[in-house]
Amino acid sequence: MAARKSRPQLQPPDLTPPAQQPSGLPGRVAADDPRFAAAAELETHDAYVRGVQEGRVRVVNPETLPRRGTENDHPPPRRRSPETSLSTKVPESVMQQLRRRYADTGITIRNQILIALRKDGLEVDEDDIQDERKRPRR
Amino acid sequence: MAIITFAQVKGGSGKTTSAMCTVAELVARGTSVAALDLDPNRPLGEFFQRVPELQHVEAAVPTSERRVSALVRELASRHDNVVIDLMGAATNDTQVAMALADLVIVPSQMSGTDLKCGVETWRQAVEAAEISGRIIARGVLLARTSAGAVRPRVESFLREQYKRVGAYVLATAFGDRAAWKEMTYSAHIPHLHDRDSNAAKNFISVFEEMMALIQSAATAAAAA
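Going down the list, the protein sequences come from chains B and Z.
Taking the numbering used here, I'd label the letters of the first sequence as residues 1 to 138.
Taking the numbering used here, I'd label the letters of the second sequence as residues 1 to 224.
Read the hints as simulated data drawn from the structure, not as lab findings.
Model, not experiment: these values are computed from the prediction.
Hints are not guaranteed to be accurate.
[As the list claims (entries may be wrong)] Covered stretches of chain B (in silico footprint by chain Z; criterion: 3 or more residues with CB under 8 Å from a CB of chain Z, positions within the stretch not fixed):
| id | region |
| --- | --- |
| 1 | 40-48 |
| 2 | 56-65 |
[Said to hold, decoys possible] Under the rule of at most 20 Å between Cα atoms (straight-line distance), these lysine to any residue pairs were calculated in the SDA-like manner:
| id | chain 1 | residue 1 | chain 2 | residue 2 |
| --- | --- | --- | --- | --- |
| 3 | Z | Lys116 | B | Arg7 |
| 4 | B | Lys5 | Z | Asp194 |
| 5 | B | Lys5 | Z | Tyr185 |
| 6 | Z | Lys201 | B | Pro8 |
| 7 | Z | Lys181 | Z | Ser111 |
| 8 | Z | Lys181 | B | Pro12 |
| 9 | B | Lys5 | Z | Ser197 |
| 10 | B | Lys5 | Z | Ser111 |
| 11 | Z | Lys181 | B | Arg58 |
| 12 | Z | Lys201 | B | Arg7 |
| 13 | Z | Lys116 | Z | Gln161 |
| 14 | Z | Lys181 | B | Gln11 |
Every residue gets a Cβ at the ideal spot worked out from N, C-alpha and C, and that includes glycine.
Construct the complete structure from the given sequences, taking the supplied hints into account.
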C-alpha cells in the first residue's frame, strides 16, 4: 500500500495590529492605453453620484471615494429654484433606513428623498439635488 | 500585459482565493505580476508575505491621493500582469476596476444570492465594456463546487441560469478542497508547490481557460 502523503503544517497567522500602509508607490512610465482615461471618468464625483442613483453603487470604499471638485468634475451647478423648508413625520424604521443609507453612501437624507421623488415621476432638476453644506465656498 | 479583475458584489464568493491562486500561477510561470488589493481587510499582502515564492509580489493599496486608475497604470508600466481583487460589495471601485481589465472573472458559489449578485456583477461588466469602448473578456467561475467526478444537480442548474441571462460560465469549476481552505495558514499553494496534485491540476485548468478567454477577446479586438 502506498504511504499516505503528509499534509503541510498549519501555521498560526500574524494577529498583531496592522502597521500603517506606506504612502503610495514610486511612479514610472505612464501607459497611454485609453482604458485608463475611461476608468478615470468613472472615478469622478459625478460618476459616483450617478452610480448611487442608478443602484450600481451601494457601498462606499472610503479609501477611493471621489472627492467633490477634482479636475475631472464639472463646476458646481446652480440651484434652479429657491428652497423652502419641509417638516414632516415618518415611521422611525424609515428614518433609520435613511440614516443607514446616508452612513453607507454619504447621500444626504434630503437628497435621498429628492431622488426617490424624481424616480416616482416628480420633476426634480439634477442641479437641485445638491447639498449646500458640502459645496465648496467661493 | 493582462489586467485581471476579480469581481462579485457579494462577499465570500471566492474572489480573494481566486486572485491569490492566479498570482501564484503567474509566478509559477515566471511572469512579472503585481496585485491591487481593494479589499480593506488586505488579505493579499499578508498572504504574499507568508509564501517565500510570493514575497516579492507587490500588493498595492489605494490611498486618498492615488486613484485606482492611476495606481493600475503605474503597476502596469512595471509588470506584465496586474491582478485586482475587489471588495465583496457593489462599491464605487467595481466598474472602475472592470473598465481597466482585460479579463473580468466573476466567482460564484451555488446559493441563490451568489447567482443573483453574480448576474448583477456580470451586467456591470457588460456596461463597463460599453463605457470604455473595449472588448473585455469575462466569465463566471463557479467556486466551491464538488471536487468529485459527478456534477451536482445545483451546479448544472446554476449554469443554466447564468446562460439564461447571457453570462458565460467557465467550463472548469473551482472545486471545494481542503487545500484552498488551508492555503492561507499552511502557505502551501498546490500549483506552486505540488503541480501534480489534483488541486493543482484543477486550478491550472481554470487558469488556462482564463488565458484562453483573454486570447479570444484580443483576437476579436484585432479583427474589429
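- Has the region 56-65 of chain B got at least three residues whose CB is nearer than 8 Å to a CB belonging to chain Z? Per the Cβ count (9), the hint holds.
- For the pair we were handed, Z:Lys181 and Z:Ser111, check the Cα-Cα distance against 20 Å. 19 Å, holds
- Please work out if Z:Lys181 and B:Gln11 have their alpha carbons no farther apart than 20 Å. 13 Å, holds
- Item | Pair hint outcome, Z:Lys116 versus B:Arg7 [Cα-Cα no greater than 20 Å] | 37 Å, violated
- Z:Lys201 and B:Pro8: Cα distance at most 20 Å? Distance of about 18 Å is within 20 Å: holds.
- CA of Z:Lys181 to CA of B:Pro12, is that 20 Å or under? 14 Å, holds
- Task: Verify the proposed pairing of B:Lys5 with Z:Tyr185, using a straight-line Cα cut of 20 Å.
- Result: 18 Å, holds
- Message: Need the status of pair Z:Lys181, B:Arg58: alpha-carbon distance at most 20 Å?
- Response: It is violated: about 29 Å lies between the C-alpha atoms, which goes past 20 Å.
- Item | Pair hint B:Lys5 and Z:Ser111, alpha-carbon separation not exceeding 20 Å | This hinted pair is violated, its Cα atoms lying about 33 Å apart.
- Hey, B:Lys5 versus Z:Ser197, does the alpha-carbon distance stay inside 20 Å? With a Cα-Cα distance of about 11 Å, the restraint between B:Lys5 and Z:Ser197 holds, given a limit of 20 Å.
- Message: Just to make sure I understand the rule, a stretch counts as covered if three or more of its residues have a C-beta closer than 8 Å to a C-beta of the chain. Does the region 40-48 of chain B meet that for chain Z?
- Response: holds (count 5)
- Restraint check for Z:Lys116 with Z:Gln161, where alpha carbons must lie at most 20 Å apart: 10 Å, holds
Violation of the numbered hints given earlier is confined to hints 3, 10 and 11; the remaining hints are satisfied by the structure.
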